[in-house]
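**Student:** Quick mapping for you: the protein sequence lines, in order, are chains P and A. For the first sequence, counting from 1, position 74 maps to 74 in the working numbering; every step adds exactly one. To convert a position in the second sequence, counted from 1, into the working numbering, add 318.
By construction, these hints were calculated from the structure, which means they are not laboratory data. All residues carry an ideal CB built from backbone N, CA and C; glycine is no exception.
Residues from chain P that face chain A, not an exhaustive set, calculated with beta carbons under 7 Å:
| no. | residue |
| --- | --- |
| 1 | Leu150 |
| 2 | Asp154 |
| 3 | Val163 |
Partner residues aside, some chain A positions facing chain P, computed with beta carbon under 7 Å:
| no. | residue |
| --- | --- |
| 4 | Leu468 |
| 5 | Phe474 |
| 6 | Glu477 |
| 7 | His480 |
| 8 | Cys492 |
| 9 | Ile569 |
| 10 | Thr570 |
| 11 | Ser571 |
| 12 | Lys573 |
So you can see what is in the structure, the chains are spelled out below.
2 protein chains.
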Amino acid sequence: MVKQVVLGVDIGGTNTTFALVDKEGRISFKDNIPTRQYSDARNLVRKIKESLGAELLANDRLMGVGVGAPNGNFYNGTIEFAPNLQWTGIIPLARYFQEEFKAPSYLTNDANAAAVGEMIFGNTKNIKDFIMVTLGTGLGSGIVVNGQILYGHDGFAGELGHVIVKENGRQCGCGRKGCLETYASVTGIKTTVVELLESSNIESELRGFKVVDLSGKIIEQAAVNGDEIAQKAFGITGEYLGKALANIIAITSPKAIVLFGGLAQSGDLIFKPTEYFMNKNLLKIYEKKVKLIPSALKSNEAALLGAAALAWKETANK
Amino acid sequence: MVKQVVLGVDIGGTNTTFALVDKEGRISFKDNIPTRQYSDARNLVRKIKESLGAELLANDRLMGVGVGAPNGNFYNGTIEFAPNLQWTGIIPLARYFQEEFKAPSYLTNDANAAAVGEMIFGNTKNIKDFIMVTLGTGLGSGIVVNGQILYGHDGFAGELGHVIVKENGRQCGCGRKGCLETYASVTGIKTTVVELLESSNIESELRGFKVVDLSGKIIEQAAVNGDEIAQKAFGITGEYLGKALANIIAITSPKAIVLFGGLAQSGDLIFKPTEYFMNKNLLKIYEKKVKLIPSALKSNEAALLGAAALAWKETANK
Numbered sequence: 001m002v003k004q005v006v007l008g009v010d011i012g013g014t015n016t017t018f019a020l021v022d023k024e025g026r027i028s029f030k031d032n033i034p035t036r037q038y039s040d041a042r043n044l045v046r047k048i049k050e051s052l053g054a055e056l057l058a059n060d061r062l063m064g065v066g067v068g069a070p071n072g073n074f075y076n077g078t079i080e081f082a083p084n085l086q087w088t089g090i091i092p093l094a095r096y097f098q099e100e101f102k103a104p105s106y107l108t109n110d111a112n113a114a115a116v117g118e119m120i121f122g123n124t125k126n127i128k129d130f131i132m133v134t135l136g137t138g139l140g141s142g143i144v145v146n147g148q149i150l151y152g153h154d155g156f157a158g159e160l161g162h163v164i165v166k167e168n169g170r171q172c173g174c175g176r177k178g179c180l181e182t183y184a185s186v187t188g189i190k191t192t193v194v195e196l197l198e199s200s201n202i203e204s205e206l207r208g209f210k211v212v213d214l215s216g217k218i219i220e221q222a223a224v225n226g227d228e229i230a231q232k233a234f235g236i237t238g239e240y241l242g243k244a245l246a247n248i249i250a251i252t253s254p255k256a257i258v259l260f261g262g263l264a265q266s267g268d269l270i271f272k273p274t275e276y277f278m279n280k281n282l283l284k285i286y287e288k289k290v291k292l293i294p295s296a297l298k299s300n301e302a303a304l305l306g307a308a309a310l311a312w313k314e315t316a317n318k
Numbered sequence: 319m320v321k322q323v324v325l326g327v328d329i330g331g332t333n334t335t336f337a338l339v340d341k342e343g344r345i346s347f348k349d350n351i352p353t354r355q356y357s358d359a360r361n362l363v364r365k366i367k368e369s370l371g372a373e374l375l376a377n378d379r380l381m382g383v384g385v386g387a388p389n390g391n392f393y394n395g396t397i398e399f400a401p402n403l404q405w406t407g408i409i410p411l412a413r414y415f416q417e418e419f420k421a422p423s424y425l426t427n428d429a430n431a432a433a434v435g436e437m438i439f440g441n442t443k444n445i446k447d448f449i450m451v452t453l454g455t456g457l458g459s460g461i462v463v464n465g466q467i468l469y470g471h472d473g474f475a476g477e478l479g480h481v482i483v484k485e486n487g488r489q490c491g492c493g494r495k496g497c498l499e500t501y502a503s504v505t506g507i508k509t510t511v512v513e514l515l516e517s518s519n520i521e522s523e524l525r526g527f528k529v530v531d532l533s534g535k536i537i538e539q540a541a542v543n544g545d546e547i548a549q550k551a552f553g554i555t556g557e558y559l560g561k562a563l564a565n566i567i568a569i570t571s572p573k574a575i576v577l578f579g580g581l582a583q584s585g586d587l588i589f590k591p592t593e594y595f596m597n598k599n600l601l602k603i604y605e606k607k608v609k610l611i612p613s614a615l616k617s618n619e620a621a622l623l624g625a626a627a628l629a630w631k632e633t634a635n636k
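Build the full structure now, drawing on both the sequences and the hints.
**Tutor:** Below you can see the structure in the form of structure tokens.
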């Protein structure tokens with residue numbers, strides 16, 4: 001029997017992963033290629049088709065293509081000025097997929113794709129208003145309003161990581177200072193650890209690490225071991241994040257906030273302080289209405305499932 | 319000829335104003351009654367019908383009723399725990415109108431109604447993503463996403479006035495500290511003037527006023543006269559507002575922000591510093607995309623037209 005599938009594609013700075021995904025989120029084929037080998041994005045699309053060719057012909061009917069990419073713009077189907085990719089300027093990648101695969105193709109940024117993935121395959125299947133927050137190297141966010149991604153007038157809404165939370169705060173990669181992602185992200189918690197180590201004499205197993213070798217996992221393990229600096233760092237990170245969430249709740253009034261990504265895997269260490277400071281700073285009318293929950297998606301599949309979910313959602317809308 | 323109209327109702331703490339409004343925003347009947355005289359909200363609705371009775375019978379066909387009210391909830395058609403009204407608890411006012419007028423009735427809060435008014439009758443007729451900011455005693459906001467008011471999961475989204483912009487800042491009426499409306503509102507600029515007067519010896523015509531007698535108009539006139547304290551107060555107000563707008567742009571990416579209400583009438587005095595600090599703090603991808611514009615609605619008609627616009631918009635959606 002012919003099975004209906006979509007192609008999900010996750011464009012990363014190093015690797016591009018792709019898979020065929022059915023309506024229940026089952027992955028039937030998965031492969032990856034090195035992104036940087038394709039100086040012309042069209043060749044990357046062709047290579048993906050080549051890899052899939054036999055598989056697609058054999059069993060499946062391709063209903064659509066969904067792509068998650070850094071600096072992806074849903075309205076235009078383009079990647080625009082992505083600093084971590086080798087393609088400069090504006091790349092009409094959705095069109096390239098459409099032409100190559102003769103199937104409706106959609107593209108959005110990673111965080112929005114993750115939000116769609118959570119909505120279609122994850123913990124927010126029955127929630128029409130929620131915010132997906134990805135805590136990785138930076139902080140990404142996908143905001144869902146009434147069952148739809150909030151794209152804004154230009155397709156670039158949902159940059160919670162670049163809300164300024166501290167006047168003259170930490171230098172951000174965006175050129176400004178005090179952005180939320182300089183505090184609430186893996187990079188942010190590392191900086192916090194370094195600052196805490198430098199400003200105190202508290203004993204800490206983290207003093208043994210070079211700054212470049214610190215990671216979210218190492219800080220997490222230290223905190224589990226009872227290390228005071230590591231625990232403080234999680235507390236400070238959760239304080240910045242929780243306060244920022246209280247503010248964004250006053251804007252979009254979501255029913256849930258989903259934490260995802262490297263730092264979210266530290267569980268209670270990050271959830272507890274975040275939840276505490278979020279609730280403490282909430283306007284009264286929102287009290288006890290907003291759940292802070294983990295993602296249901298596996299970290300190694302989320303980007304792919306998100307991209308695939310985008311394709312399923314948009315083709316269903318036709 | 320029978321003309322199609324809607325009934326627009328603006329519920330205020332002191333007065334309730336109502337009018338018949340046609341599709342072009344023309345007001346054909348207007349009256350007001352003292353809100354506090356009606357301890358049962360049903361009697362206020364009956365009184366409005368009584369006033370309109372002859373007028374409605376004579377010429378018009380009532381297509382719907384739109385109500386703007388403090389703490390109004392669109393989803394439920396209710397006023398919920400409004401501190402400035404005599405009605406306690408939850409009042410199903412839209413239902414009362416529906417039963418009395420036998421016409422579809424809708425209710426939302428003042429700021430959302432103003433946003434709908436701007437969208438239907440004002441400066442944002444062709445803009446699908448914008449934010450309406452009302453700078454009165456407090457700061458209200460109505461956020462429009464893809465042509466629809468952003469209500470959130472519970473109908474209470476869009477409380478920009480209660481985003482916390484300063485840690486341990488000014489005491490807000492909501493019980494928390496540092497909310498935007500304690501800085502960017504008529505109340506906020508008065509407080510700023512008082513703080514500036516207390517912390518300096520700069521000569522100022524505002525020193526002659528009792529605090530209770532200060533008003534937005536008086537501060538505006540002093541600024542026009544060249545008063546340094548008054549001008550500084552506008553600059554500080556615009557700085558808080560502009561920075562907060564830069565942050566909310568990163569959330570909803572609007573094409574325009576409309577300033578409305580008492581303080582917005584001070585023109586360049588408030589627009590210039592707000593625009594300067596908004597643009598200065600914008601993430602690069604939003605630069606030069608967002609217009610800061612005044613409302614096209616007359617201040618004495620805006621609430622009514624907004625309520626009427628809500629009725630036109632919702633009945634058109636049926």
